[in-house]
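Peer 1: Here is how the chains run, residue by residue.
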Amino acid sequence: MPRLLQLLWAQLSGPGMVLKAFFPTCCASADSGLLVGRWVPEQSSAVVLAVVHFPFIPVQVKELLAQVQQASQVGVAVLGTWCHRRQEPEESLGHFLEGLGTLFSHEPWLQLCRERGSKSWNCKATRRQGPTPLAPACEDQVMLIFYDQRKVLLSRLHPPAALPERQAGDATASAGGLAAVFDTVARSEVLFQSDRFDEGPVRLTHWQSEGVEASILVELAKRAAGPVCLLLACLLSLVSAASACRVFRPWPLSFIWSKLSTCEQLRHRLDQLTLVVSAHRAEGPAQLMRKANTLVSVLLDMALGLLLLSWLHRKDRFAHLAEALVPVADRVAEELQHLLQWLMGAPAGLKMNRALDQVLGRFFLYHIHLWISYIHLMSPFIEHILWHLGLSACLGLTVALSILSDIISLLTFHIYCFYVYGARLYSLKIHGLSSLWRLFRGKKWNVLRQRVDSCSYDLDQVWRAGIPPRTGEGCPNWHQAALFIGTLLFTILIFLLPTTALYYLVFTLLRLLVVTVQGLVHLLVDLINSLPLYSLGLRLCRPYRLAAGVKFRVLEHEAGRPLRLLMQINPLPFSHVVRTYRLPSCGCHPKHSWGSLCRKLFFGELIYPWRQRGDKQD
Amino acid sequence: MCAQPVANTKEVRWQKVLYERQPFPDNYVDRRFLEELRKNIYARKYQYWAVVFESSVVIQQLCSVCVFVVIWWYMDEGLLAPQWLFGTGLASSLIGYVLFDFIDGGEGRKKSGRTRWADLKSALVFITFTYGFSPVLKTLTESVSTDTIYAMAVFMLLGHLIFFDYGANAAIVSSTLSLNMAIFASVCLASRLPRSLHAFIMVTFAIQIFALWPMLQKKLKACTPRSYVGVTLLFAFSALGGLLSISAVGAILFALLLISISCLCPFYLIRLQLFKENIHGPWDEAEIKEDLSRFLS
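Line by line, the protein sequences are chains L and G.
Be aware that the first sequence starts at 2, since it is given in this note's numbering, and climbs by one per residue.
Be aware that the second sequence starts at 199, since it is given in this note's numbering, and climbs by one per residue.
Rather than coming from a laboratory, the hints here were simulated on the basis of the structure.
Ideal Cβ positions, reconstructed from N, Cα and C, are used throughout, including at glycine.
Anything over 10 Å on all C-beta distances counts as not near chain L; from chain G, calculated:
#, residue
1, 211
2, 217
3, 224
4, 233
5, 255
6, 436
7, 476
8, 479
Below 20 Å or equal to it, Euclidean Cα-Cα: the simulated SDA-like pairs (lysine to any residue) are:
#, chain 1, residue 1, chain 2, residue 2
9, L, 430, G, 327
10, G, 416, G, 255
11, L, 352, G, 347
12, L, 444, G, 363
13, G, 308, G, 294
14, G, 416, G, 307
15, L, 444, G, 369
Please work from the sequences and hints to get the whole structure.
Peer 2: This is the structure in C-alpha cells:
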C-alpha cells in the first residue's frame with residue numbers, strides 16, 4: 002500500500018494537479034485561526050507551519066511573518082483559515098473567516114475546517130479567476146496530508162539515489178516535492194522558537210521543543226567543550242609538528258615508517274583527533290555527522306583499548322605472554338626445519354634434482370639457525386618490550402592490533418625471507434624458460450613491434466650459396482653460440498624447475514598464511530576505523546532522523562470529502578547508512594584482484610609488501 | 199526519358215560478371231563453362247633414379263640418428279673410450295672443415311663474408327660452455343627414471359626427423375626446432391652416461407653429427423653428386439654395421455626401412471602419379487601469384 006501511494010504521489014506532483022495541503026498533526030486540535038505557511042507553486046502544495054489564533058491584529062501578524070521571512074529566507078505567508086468547530090456551527094464565524102480572505106490575499110485561499118471531534122474534515126481551496134476580488138471563485142480539489150512537525154524538522158532527507166526501485170522521472174519529481182517540504186520545515190525553525198505560553202501580541206500553535214534546560218550536565222559539557230578542544234588542538238599540533246620533524250625524514254627511516262602498520266595507524270588516529278577537536282564549525286550536516294562518527298569511533302576504540310590493557314595487567318599476563326612467545330617462535334622454526342628436511346629428501350615422490358635440493362635446503366637451514374640465535378639473544382628483553390608496547394593500547398584497540406600485526410611481521414621474518422628467495426629464483430627460472438622456449442622454437446621477441454617474430458638461427462644460413470647474411474657480420478656467429486647454449490640452458494632449467502617450484506610453492510603457502518592472518522587483523526582495524534557508529538546508533542534509536550523517503554497512510558477516503566493522508570518517514574536502510582557515512586580508513590593496504598594475485602603468484606612476482614617497488618620497476 | 203523497346207532481338211549473352219544486371223538466375227552457367235576445364239597442370243613427371251637420389255637426404259638423416267644412438271650405446275656400455283671418440287670426432291671435423299672449403303674453392307665463404315676467426319670463436323664458446331655445464335648435465339636427471347629419459351629422447355629424435363629441412367617447402371619445416379630437439383635428446387641421453395667427461399663428449403658429438411654433418415652433406419650434394427652417393431652408401435653401411443653389432447633384428451629392420459624408403463617409396467610415387475587427376479577451372483579460388491609481402495611491410 003505505501004508503495005502504491007508513493008506512485009500516486011509521484012503522479013500527482015506535477016504542476017496543475019490536485020492541491021496538496023501539508024498540515025502538522027500538532028495543530029489538529031488547535032483553536033480556530035489563520036494558517037501560516039509556505040506556498041510551493043511548482044508542486045502546487047501548501048506547507049502549513051503554524052496556526053495563528055484569534056484574536057489578533059492583522060498588522061502584527063504581518064510584521065511577525067516579515068520577521069520570520071527575513072530570518073529564515075522562506076516565503077512565509079498566510080495561506081488560509083483554520084476553523085475548529087467544537088459546538089454547533091456558527092454562521093457568523095464562517096462569514097468572518099471568508100472575510101479574512103480579502104484581508105490577507107493569497108492565491109489559492111485555503112479554508113480548512115474540522116467539525117466536532119476528529120471524524121469529519123472539510124477543506125476548500127478557492128482561487129479567484131479574475132484580477133478583481135469580486136470575480137467568481139473556483140474551487141480546486143484538495144488533498145490533506147498530515148505530517149509530524151518534529152520528525153520532519155529533525156530528519157534529514159537523503160538523496161533519491163537511495164531508492165533505486167522508483168523510476169527516474171517520478172523519483173526526481175516527487176523527491177523534489179518532498180525536498181521542498183522538508184526544506185521549508187527545516188528552515189523555518191525560527192518560527193518554532195516562540196513559546197506557546199508567551200503572552201505575545203500573536204498567539205501561535207506549532208510544535209514546540211521540550212525546552213533547552215532539560216539537562217544541566219549537557220549545558221555544562223557544551224560550555225566546557227570549547228576550551229578543551231582548543232587545548233587538545235594545541236597539543237595535537239605540537240605532536241604533528243614533532244612527527245613532521247626532519248629527523249624522521251631521511252631515507253631508511255621513512256621507508257621503515259611506511260612499512261610499519263603501527264605508524265600508519267598512529268597517523269590516522271592523529272588525523273581523526275585533529276578532525277574532532279578542530280576549531281572550525283562543521284559545515285553542513287554531513288560534516289557534522291562525520292565529526293560525530295569519528296568521535297564515537299575514537300572513544301569506543303580507546304575504551305576497548307583500555308579494557309584490553311586492564312585485562313593484560315591483571316594477573317601479570319605480560320610475563321606469561323613473553324614466556325610463551327619465545328617457545329612459539331622456537332616451535333615455528335623447528336617446524337620449518339622439519340619441513341626443509343622433508344623437502345631435502347624426496348617429498349611426495351617428486352623428481353627433484355638432488356644437488357640443487359641439497360644446496361637450497363642447506364641454505365635455508367642455515368637461515369633458520371641464524372634466526373633461532375637471534376630469538377634467543379632477544380628473549381631476556383621481550384617482556385619489557387611487550388610491557389612498553391602494551392601501554393600503547395590506551396591509544397586505542399586499533400593501535401594495539403596494528404602493533405600485533407607488526408610483531409607478527411617481525412616474528413615471521415624468516416618465512417618472508419624464504420619466500421623472497423624462492424620467488425626470485427622461481428621468477429628467474431620462469432622468465433629464462435619463457436625466452437628460451439622461444440629460442441627453442443626458432444622464434445625471437447621483436448622489441449620494436451612488441452611481438453614474437455620467427456627468426457632463423459640456421460647454422461648454414463650464411464653458408465648457403467647466393468644468400469648473403471641478413472644480419473651483418475657479427476650476428477651469425479652470435480646466433481650459433483646462442484642457439485647451442487640456449488638449448489643447453491633450456492634443458493638444464495627445465496629439469497631444475499620442479500625443485501625450485503616446489504620450494505617456491507611451500508614458502509609461498511607459508512607466506513600466504515601469514516599474510517592472511519595479518520590481513521584479518523587489518524580488516525578488524527579497518528572495521529573499527531571506518532564504521533559510522535554514531536550514524537548507526539542514530540538509525541537504531543531515532544529512525545526518523547535519517548530519512549530515505551516518505552510513505553503515506555490513508556486516513557480517510559470518501560467521496561465528496563478531501564483525501565486525508567498521514568505522511569510517515571521511511572528510515573534509511575542500515576546498509577545505506579554504512580555506505581553513506583563510512584569513515585575514510587587508512588587505505589595503506591594494497592588491494593589485489595584475485596586474477597592479478599594468481600598471475601603474480603604464477604610468475605613469481607612478490608606479493609603484498611613490496612608492491613610499490615614492483616610498480617616502479619614497471 | 200522514355201525507354202524504347204529494344205529493337206534488336208539479338209540474344210543477350212551471359213557474362214561471368216557480378217557487376218551487371220543480367221536476365222539469368224544467379225546460379226546460371228553457360229555452355230562455355232566447362233571449356234576452361236584443365237587437368238593435371240601442375241603434375242610433374244618423375245625419373246625413378248632421380249627420386250632415389252633425392253631420397254638419400256632422408257636416408258642420411260636416419261643413418262645419423264642411428265649412428266648417434268649406436269655410439270651412445272657403446273659409451274653407456276663402456277665399450278668406447280670417450281677420449282677415442284673425441285679424437286675421432288675432432289679429426290673428422292677438421293677433415294670436414296677443410297673439405298667444406300675445398301669443394302667449391304672457397305666461393306661460399308667469400309660470399310658469406312665469414313672469417314675463420316669467427317668459426318674458431320663459435321667453436322671455442324661452444325666447447326667452453328659445454329665443458330663447464332657437463333657436471334651439471336651429469337647430475338641433471340639423476341632422480342628421473344631411465345625409462346622416462348629414453349621415452350623423451352625417442353620423442354625428441356622423432357621430432358628432429360619430422361621437422362628436419364629435407365628441402366621441401368612446407369610450413370612444418372623448422373631447422374632450428376629440429377636441431378634443438380636433437381640437442382635436447384642428446385643432453386637427455388648424455389645425462390645417463392657414467393661420468394661428466396662422457397656427457398661432454400656426447401653433446402659435442404651430437405653437435406657434429408646433427409649440425410655440422412648435414413651442412414657438409416648439402417654442399418657435397420650440390421657440388422659433387424657422385425661422391426655424395428658414395429658417401430651416403432658408405433654412411434648407411436657403417437650405420438647398419440654398427441647396429442648389427444648390437445642387435446641383428448634391429449639391423450634387419452633398419453635395412454628394410456632404408457630399402458623401402460630409397461627404393462619402394464620412389465617406385466610407389468611414380469606409380470601413383472598415373473592416378474593423379476587434378477582439375478582446374480573457373481571455379482578455383484583466386485590465386486595471388488605475385489608476392490605481396492613487399493607491399494605489406
